[in-house]
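If you want the building blocks of each chain, they are given just below.
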Amino acid sequence: DAKTTQPNSMESNEEEPVHLPCNHSTISGTDYIHWYRQLPSQGPEYVIHGLTSNVNNRMASLAIAEDRKSSTLILHRATLRDAAVYYCSWGNYGGATNKLIFGTGTLLAVQP
Amino acid sequence: DVKVTQSSRYLVKRTGEKVFLECVQDMDHENMFWYRQDPGLGLRLIYFSYDVKMKEKGDIPEGYSVSREKKERFSLILESASTNQTSMYLCASSPSTRANYGYTFGSGTRLTVV
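Chains as they are written, first to last, in my numbering: chain Y, 1 to 112; chain C, 113 to 226.
Restraint-style ranges between C-beta atoms, simulated for each label pair:
1) Y:N57 / C:D140: 21 to 29 Å
2) C:K183 / Y:D67: 34 to 42 Å
3) C:T195 / Y:S41: 17 to 25 Å
The calculated lysine-lysine pairs, modelled on DSS-like cross-linking and capped at a C-alpha distance of 30 Å, are:
4) C:K183 / C:K125
5) C:K165 / C:K125
6) C:K167 / C:K183
7) C:K169 / Y:K69
8) C:K167 / Y:K3
9) Y:K3 / C:K169
Some chain C residues near chain Y, calculated using beta-carbon distances under 8 Å:
10) L157
11) F160
12) G214
13) Y215
14) F217
15) G218
Just so you know, the hints here were simulated from the structure itself, not pulled from any lab data.
No residue lacks a Cβ here, since even glycine has one placed at the ideal position from N, Cα and C.
Sequences and hints are given; from them, build the entire structure.
Have a look at this one:
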């Protein structure tokens, strides 16, 4: 059964790095790993995605394990605005089965 | 800026009513999705569509149906609403199945069935 596992909650201090882990042990070789975040009263927002290599963008970095069964979202300097629920997901892009499988999310609290 | 709009932010319906949740995207995206979000369960896929009039069941389709008559609009239908369908419903879209892009989500519709 397809599954994504994340810790329920994490805490960080402002301006410190945050590493959010995710296990996706049933992922296949062509499935992309995506991360989204959800602020209160909003829909999820795309953060970053990758396949095999580590990825960076203006919001975060994504580190993907060599066996691709886990990944880590890295926020380099947490701010109060980063307090949100972070969802790890993975999906197969191809044919008619383009769909993302989401985890239950990690609630990130950022302390000033 | 790309946008996915869900017609209602909050809805209250009675048990047994037929309920329509509407979603419109302005990005000419091929794919559209309906998820429901419940505490402790994350996002679960109900249905998705990869083209006009094409649809596929997700992980929890029971009690729901969908309609996609135009590319930009994807409707979720609760044929006979029940209290266990009280939830947050999220619509999303993404470009071609062969592209590697993220999803754009709407703000959600919180449905309460009484």
